[in-house]
Amino acid sequence: METKMPMVLDIISENIIKHGNPLALKGSEVASWAKELDLPVKGELLFYTGGEYQLLPFIDSLVKTITHLDQGSKMFSMMMGARNILNKTGINAEKMYASVLAKDKVRYNSVCLKAAKVLQGLGYEFCYAGNEELYSGALLYELGYLEDMKTYVQKVVEVIRKSGAKTIVCLSPHAAEVFKFVYPKMVEGFDFEIVTYVDLIWQRRDKLAKIQSTGPVVIHDSCRLARELGIHQELRDILESVGADVKEAPRNREWTSCCGGPIKILFPELSHVIGARRVNELKESGAEHILTSCPYCLSALEGGRAKGDSAIIEDLIEFLYRGVKA
Amino acid sequence: MTVDLRKDFVAYAKDLNKASEDTNIRTAITRAVSSYRSTVAETLERYPHTPELAEEVKEIKRNAIANNDELVKQAMASVERNKGKAFFAKDHHAALEIALGIIGRGKTVVKGKSMLGEELHLREYLEENGNEVWETDLGEFILQLRKDRPMHIVSPSIHVPREQVAEVFSKFFGKEVPPDIAEEVKVVREFMREKYFTADVGMSGANVVAADTGAMVIIENEGNVRLSTGAPPVHIVMVGTEKIVPAFQDAMKVAEVTWRYAQYGVPGYVNIISGPSKTGDIEKVTTYGAHGPKEFYVIFVDNGRSDMAKEEKFSQALHCLRCGGCMYECPIFQVTAGHFGHVYMGGIGAIWTAFASGGMEKAAPLVYSCLRCGRCVERCPMSIEVPAMVGELRERIVYGKY
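From first to last, the protein sequence lines stand for chains A and B.
By the working numbering, the letter at position 143 of the first sequence is numbered 143, and the numbering carries on one by one without gaps.
Converting from the second sequence to the working numbering requires adding 1000 to each position, the first position being numbered 1.
If we strip away everything but chain A, and leave its shape as in the complex, we get:
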């Protein structure tokens, strides 16, 4: 039997398979943040972004396209703007991508740079695959494209192996999850040590500089990090080390409420409702400064914040970077 899935799923899965990125971003775009650092391509520790923070500003523009058009319509398929249909439709993906707010692009791209600088500040040395880095394929796993993933991950592993690294540090918990639990089942001899950015910071948290915070902060535990990877106390320890006043939301740690991100591409409005509810729940802690450590949580919570709401939503990386600058 053949199944016709919503087009957005076809496009995203094909983008990953053909272009190594859910939105078919070019390697040079994904790696542009790293220019100034001149990171080596080989080393013991591989810094892995998976292009996930870098694609966040484009996800919103994609979602807007989905929200405003009937997904079954011809217009929709034309407007998807992904590169893999560029030749057929003549619609210029670059133009759609160009419509993304410059400040969002700068912000999300800089998360990777900030992460690298925070780690370097703690004395970590690492390599980075640059233009060659490929997306982990977490969405293929998430959305059910497992057969395609089996083929795809071989390419990812090839790039990873070139680095000669023994340990991979992931910025996104989704990448860490698939490297840890899915790759070993699909790739023979996939015996890399998988750590998250949070793990590495936690190990050397005593070296972090104190951060002059404007007020109390509240942690939005990412589902993957808290439940799949069991990381939640570490976030609190890190924040305590930098002198932050941490408040707790009514639902936190392994009981954390999802940000709504996972259904963003298929059910954008509902995803938004859930994100907005989570923002409010987090604010019940008494803190207006929300910190998370997952790209999709960051994007979904930003999207869920009501217009005019003064709450600050940041990635833990962005918060810790304040200490680097100081």
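Keep in mind that the hints were calculated from the coordinates and are not lab data.
Keep in mind that a hint or two might mislead.
As the list claims (entries may be wrong) - Which stretches of chain B does chain A cover? Using the computed rule of at least three CB atoms under 8 angstroms from a CB of chain A, they are: (1) 1012-1025; (2) 1091-1100; (3) 1330-1342; (4) 1372-1384.
C-beta atoms are modelled at their ideal positions from N, C-alpha and C, and glycine is treated no differently.
Starting from the known structure of chain A, arrange chain B on it as the hints suggest.
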């Protein structure tokens, strides 16, 4: 063959969006979620042995599902030994036909709440075949009058506020019923009382069945199950085969864990029924139909359950006790209620939809609206890995492997 799911997804997204804007749903669920969380926390503190008991029940259920075929045979033999009549229905149609065969036409039936009944569309079927059927659970009765469907498995009419109840009751009873909950409860009590004692048949489900004794354990609070299974001359139990556990004591453990996570310290009533009513008070001669039903029937329904049991990845879905706890913790359910469902609701409902109630095409949009956030697993006393099963179903949907 090509199955085009695109339109289904669009329609379903619209339905979810509409539900998320429904203030009745939002108010009711917000209230229900906060009450559920505080009550469960309280009762778990009062009965701290519960999580450990849940661990024991996990093992009981795991073994019971692994030996389900054998347990069905044992349970049927026990029912027969108790002078009841036991039936096995392979599928949906067989189950309905057996029930209709016992009931016939032109009868009055009072029934208790049952998710299996919903799965089979039992009331509608009996009505189409010329019977008068009354849902005796207050929530179900409200839905019956509204021609509506349940929005939660334990609290089916959770989305209907008192004002709307008053409206539908006033119309049905042909008199002004004020939007006062006590009044609303009273008017149904009076109406239903007459039905219990004039009905030809009482029907119920069961929360647990003990194979060794043939005991049906039915948990309730309203007392409607006591009356509908006690007053009419015939009692028919329709129960899913996954509800069977080996022994009576196992059944007690399953029952306690079920009600505890359904937010009850102890429910108002626990009915244990294992055969027709009988007496030996005159000359020690056993005579059936003393005060309760003279006839007792049990229909064990498979309808996709043995297919689930056979699959290593899905058999744990049969461990579900239907306490409803996961739904209260589900971020999607919290804003859309039973709209995130077909007959069965929430993430676990998506799995049940695929196997027992609607099939893969009906399940597909539900399967993709699950966040796979995993909070249901934290809440579930059986730690059912819904996200993993959802992942597996997605793969089958994408590649048409069903």
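Here is what the structure says about each hint:
no. : hint      : in the structure
1   : 1012-1025 : holds (count 4)
2   : 1091-1100 : violated (count 0)
3   : 1330-1342 : holds (count 5)
4   : 1372-1384 : holds (count 6)
Checked against the numbered hints given earlier, this structure breaks only hint 2.
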